[in-house]
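Participant: We have chain G; now place chain U onto it with these hints.
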Amino acid sequence: MDILVLIKQVPDPEALVEIAAGGKSLNIEPKFATNLFDEYALEEALKIREKHGGKVKVISLGSAKAIEALRTAIAMGADEAVLIEDESFAGSDGYNTSLVLSRALEKETFDIILCGRQAIDADRGEVPQMVAQFLGLPHVGVVVKLDIADGKAVAESTLEGAREVIEVALPAIFTAQKGLNEPRIPLITGVMKAMKVQIPKLTVEDLGLAKDMAGPDGSKTKILQYLPQKKRPAVQFIAGEPQEAAIEAVRILADVERVI
Amino acid sequence: MDFALTEEQQFFKKIITDTVDRMVVPKAREIDEKDEFPWELWKDFTKLGYLGLRYPEEIGGMNADPVTAMIFYEQIARGSVGFAQSVIMNILMGTYFVYRFGSEEIKKRCLYPAMKGEKVATMCFTEDQSGSDLAATRTTAVKDGNEWVINGTKMWITNGPHADIATVLATTDPSLGAKGLNFFLVEKGTPGFSPGQIIDKLGCRGTVTGELVFDNVRIPEENLLGAELNKGVEYLAEILDEVRVMTAAMAMGIAQAAYDEGLEYARKRIAFGKTIGNYQLIRAKFADMATEMEASRLLIYSAAWKIKEKLPSRLEAGMAKMFATETCLKVVDEVTRIWGANAFANEYNPQRHFRDARFLLYGGGTHEILKDFLGRMLIGKS
Chain G
7 MDILVLIKQV PDPEALVEIA AGGKSLNIEP KFATNLFDEY ALEEALKIRE
57 KHGGKVKVIS LGSAKAIEAL RTAIAMGADE AVLIEDESFA GSDGYNTSLV
107 LSRALEKETF DIILCGRQAI DADRGEVPQM VAQFLGLPHV GVVVKLDIAD
157 GKAVAESTLE GAREVIEVAL PAIFTAQKGL NEPRIPLITG VMKAMKVQIP
207 KLTVEDLGLA KDMAGPDGSK TKILQYLPQK KRPAVQFIAG EPQEAAIEAV
257 RILADVERVI
Chain U
558 MDFALTEEQQ FFKKIITDTV DRMVVPKARE IDEKDEFPWE LWKDFTKLGY
608 LGLRYPEEIG GMNADPVTAM IFYEQIARGS VGFAQSVIMN ILMGTYFVYR
658 FGSEEIKKRC LYPAMKGEKV ATMCFTEDQS GSDLAATRTT AVKDGNEWVI
708 NGTKMWITNG PHADIATVLA TTDPSLGAKG LNFFLVEKGT PGFSPGQIID
758 KLGCRGTVTG ELVFDNVRIP EENLLGAELN KGVEYLAEIL DEVRVMTAAM
808 AMGIAQAAYD EGLEYARKRI AFGKTIGNYQ LIRAKFADMA TEMEASRLLI
858 YSAAWKIKEK LPSRLEAGMA KMFATETCLK VVDEVTRIWG ANAFANEYNP
908 QRHFRDARFL LYGGGTHEIL KDFLGRMLIG KS
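From first to last, the protein sequence lines stand for chains G and U. The first sequence begins at 7 in my numbering and counts up one residue at a time. The second sequence begins at 558 in my numbering and counts up one residue at a time.
Just chain G, same shape as in the assembly (with noise of 0.2 Å):
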């Protein structure tokens, strides 16, 4: 069972992040992490490797930075991994991300592709959904289980209020969500691994892929402006007995601030 795990570093949820003067761009402080869905994605690739065998196979598309959330993946247990760098993917947005990856999965031969359900840093979630129309895999998201056999998989979904139990032939993709399983921390053996492992690096050139295909040129939309949150309102009362106040409760939660 080969599986390939995308995974994308972004900065470290504490990181500092603020809107550049002029509005057209972030400043984040050099924190960084790896992203934590594309954890659950490559726990679960390790976890399959460990019943059915093969090997783990990890991709990322970003700077020479990301190596870093790669030797962690390594020393998590991945058999392999390799970075997509080239100058030219900076500021590639969804669409030709997914294009470059896609490029990048042709050459490999696989029977499953885990990634996370969304990277926390855009939070688009949409580039698993492109990799597969790229190459025509059938795709299940927001996965937190999944069963492996007989060239198979069944997996369940979370839905608004149910969980759906999808049967797909493989090779397909799947993304993970939280709940399908706890990352696992690292031994010192595979630290050891990670610390010397050469991870090699593919280009523009290596994907088969023209200069203006891949960065905003061959992008498909275009981010205008940063535009600061709304700040947090001041806290707010609930009059009331302590039964109604809770309804009252519920329903702002449901309905105005519809988080949940």
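Derived from the structure by calculation, the hints contain no laboratory data. In this text, a Cβ means the ideal position worked out from N, Cα and C, and glycines have one as well. Accuracy of the hints is not assured; some may be wrong.
As the list claims (entries may be wrong) - Mimicking BS3-like on lysine-lysine, the simulated pairs with C-alpha atoms at most 30 Å apart in a straight line are: (1) U:K584 with U:K758; (2) U:K673 with G:K53; (3) G:K202 with U:K600; (4) U:K665 with G:K202; (5) G:K61 with G:K113.
Unchecked claim - Covered stretches of chain G (in silico footprint by chain U; criterion: 3 or more residues with CB under 8 Å from a CB of chain U, positions within the stretch not fixed): (6) 72-78; (7) 191-202.
Facilitator: Chain U only, in chain G's frame:
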């Protein structure tokens, strides 16, 4: 000249930082409150393999260089210094002489299990009337046939009450002073070896520290940990600098934990309509803290690098220990001022850092004696 950590060291720092954040930080408060050896965390953490940090890969270690080891010591202390002290005792002082001088049989029985966390190790120097003044050691080792007989009482022993293996400093000839000192391995279960009083400490809680009693403890001849008799002080010198720089690294761990709390508070706490980080007097505190922590780390890494390169490092190791610990004391104090009265509440962390930092002043020797030692090195015997 290159001041940067290597890519490997940077990666190691990230991994151990994440590991500590996930495993140790969430338990720190409970460890402090319970003040009991955190067995569950010990088992989970030691499974990862870090107790073999300094030892060769051939015996299951990581063969980490001293700079990498300092990164580890800082991070584990950032999580919980109470837990860190127990872990570091197994990594460094508690196993060094067993590794260096133990027979293969002893290593199989004591070192390799200690590297996996299956055995808790300790090192016993201090007595009620001796600490830095090693020559005043009163614990004796007397040869009787092919055995050594140990008698004495040790105090302030980290991991002491739970120790499976103890490296014990004892004199074979009190008339020789420091030149009569040797290290001996005593294993749990040996008749006459027992734990005594446990010390209720101000800080570094969770590391169980206490008395160990040796009452006619008979150990085999091969448990003398030294190639030659009466060279104990020379052997001790082999790790003294590393131990001092390790203490400095732990100080930075506590300082960083406190600093991070201070930073978060300064960014969120509002006074007079603005977050307090907008006020110059608060900003000045961060400028001072960050500067002195950076200077401390440069001393730590520079001394560790000298140890790695086998260059003279006695002076630099002492400077690093003293400077980093004093910096830590300032940082934990400043953070309590940034937090205001909340720092005085036991439900928040700044008070724990404030208490923990004090121990590093005395652990490994007081600064009064360290300054005297450094001054003597600098001036020479005049």
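Participant: Starting from K673 (chain U), check that the Cα of K53 (chain G) is at most 30 Å away, please.
Facilitator: Holds, at about 24 Å.
Participant: Sort out whether K202 (chain G) lies within 30 Å of K665 (chain U), counting only the CA atoms.
Facilitator: holds (29 Å)
Participant: Report holds or violated for chain U covering the stretch 191-202 of chain G, Cβ cut-off 8 Å, minimum 3 residues.
Facilitator: Coverage by chain U holds for the stretch 191-202 of chain G (10 residues, Cβ < 8 Å).
Participant: Sort out whether K113 (chain G) lies within 30 Å of K61 (chain G), counting only the CA atoms.
Facilitator: At roughly 16 Å apart (the allowed maximum being 30 Å), K113 (chain G) and K61 (chain G) satisfy the hint.
Participant: Starting from K202 (chain G), check that the Cα of K600 (chain U) is at most 30 Å away, please.
Facilitator: Judged against 30 Å, a Cα distance of about 27 Å means the pair holds.
Participant: Between the alpha carbons of K584 (chain U) and K758 (chain U), is the straight-line distance 30 Å or under?
Facilitator: Measuring from Cα to Cα gives roughly 19 Å; hence the hint holds.
Participant: If you look at each residue in the stretch 72-78 of chain G, do at least three have a Cβ nearer than 8 Å to any Cβ of chain U?
Facilitator: Check passed, 4 qualifying residues.
Violated hints for the displayed structure: none, as all numbered hints are satisfied.
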